[in-house]
Amino acid sequence: MNVVALSGTVGTGKSTVAVALRDALLARGYAAEELDVDAIANETTAPPDDPFNERVVVAHLRTMRPHWHDAGLEVLILPRVIETVAQRDAYADALGEPVRVVRIDSPTALRHARLVTRHPPGPERDWHLARTDMLADLLVEAAVQEHVVTNDDRTPSAVASQIADLLDLPTPAQERAQSTTAATASISTSWSS
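Numbering (the numbering used here), first residue to last: 598 to 790.
Source of the hints: derived by calculation from the structure; they are not laboratory data. Some hints here could point you the wrong way.
Across the chosen pairs, the derived CB separations fall in these ranges [stated by the list, open to error]: (1) ASP730 with PRO648: 16 to 22 Å; (2) PRO645 with THR768: 43 to 49 Å; (3) THR768 with ALA710: 34 to 40 Å; (4) ALA710 with PRO645: 31 to 37 Å; (5) LEU623 with PRO718: 34 to 40 Å; (6) HIS666 with LEU764: 15 to 21 Å; (7) VAL682 with PRO644: 19 to 25 Å; (8) HIS709 with HIS664: 37 to 43 Å; (9) HIS664 with LEU764: 30 to 36 Å; (10) PRO663 with ALA710: 38 to 44 Å.
Cβ atoms here follow ideal geometry from the backbone N, Cα and C, with glycine treated the same way.
Using the sequences and the hints given, assemble the complete structure.
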């Protein structure tokens, strides 16, 4: 299974592009799905020492891993801010697969406009507007990503198509052959033990 995290500061369109990327990959013949990671993180109140509920996210990924493998999922798309290599590696450990990070970037004015549309006036909007600028700088400095893609005046499907091309994934037939070979090797090893 290939795992792709779409990172980026708030307001860059991670979730919207994730759905478009899923659709683009499905159209190319991949068994692909996007997971609303923020929804998982927001299911329970975050403790003070884990304000973005990363432990809940990692536990969910670990629990779901065998189900995704059994279902034949070829590409899992995770729209989520990835701030550190340690965070990326925790996801990879939970999933048993490397996590490739694509950072989505958007101009400041566009991010602010999206956030003003999404959040009514008040403390939550103010927090998101402040967070987007601070986090944008942090993500550039952290440089966890493999690729950076700009989401500005293009459609989500155009951005997703660019990401799909950049990922240069094995063709669905190659992916299935690799999965079959790995499963056969695993069975052979267990029989010889």
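_Beta-carbon spacing of HIS709 to HIS664 - inside the hinted bounds 37 to 43 Å or not_ = 39 Å, holds
Worksheet item: Quick one: are ALA710 and PRO645 within 31 to 37 Å, going by C-beta?
Response: Hint holds: Cβ distance 32 Å, inside 31 to 37 Å.
* Range hint compliance [Cβ, PRO663 to ALA710, 38 to 44 Å] -> Because 42 Å falls inside the window, the suggested range holds.
That 15 to 21 Å hint for HIS666 and LEU764 (C-beta), does it hold up?
20 Å, holds
task = Take the C-beta atom of LEU623 and the C-beta atom of PRO718, compute their distance, and say whether it sits inside 34 to 40 Å.
result = 38 Å, holds
Practice prompt. Could you check the hint for me, namely that HIS664 and LEU764 are 30 to 36 Å apart, CB to CB?
Written response: Between HIS664 and LEU764, where Cβ atoms are some 23 Å apart, the hint is violated.
Worksheet entry | Status of the given 43 to 49 Å range, CB of THR768 versus CB of PRO645 | With a Cβ separation near 46 Å, PRO645 and THR768 satisfy 43 to 49 Å, so the hint holds.
**Asked** Given a hinted range of 34 to 40 Å, is it respected by the beta-carbon distance of THR768 and ALA710?
**Response** 39 Å, holds
So the hint says 19 to 25 Å: do the beta-carbon atoms of VAL682 and PRO644 match that? 23 Å, holds
| task | Kindly confirm whether 16 to 22 Å is satisfied by the beta carbon distance between ASP730 and PRO648. | result | Holds, since ASP730 and PRO648 (Cβ atoms, about 18 Å apart) stay within the stated range.
Checked against the numbered hints above, the structure breaks only hint 9 and satisfies the rest.
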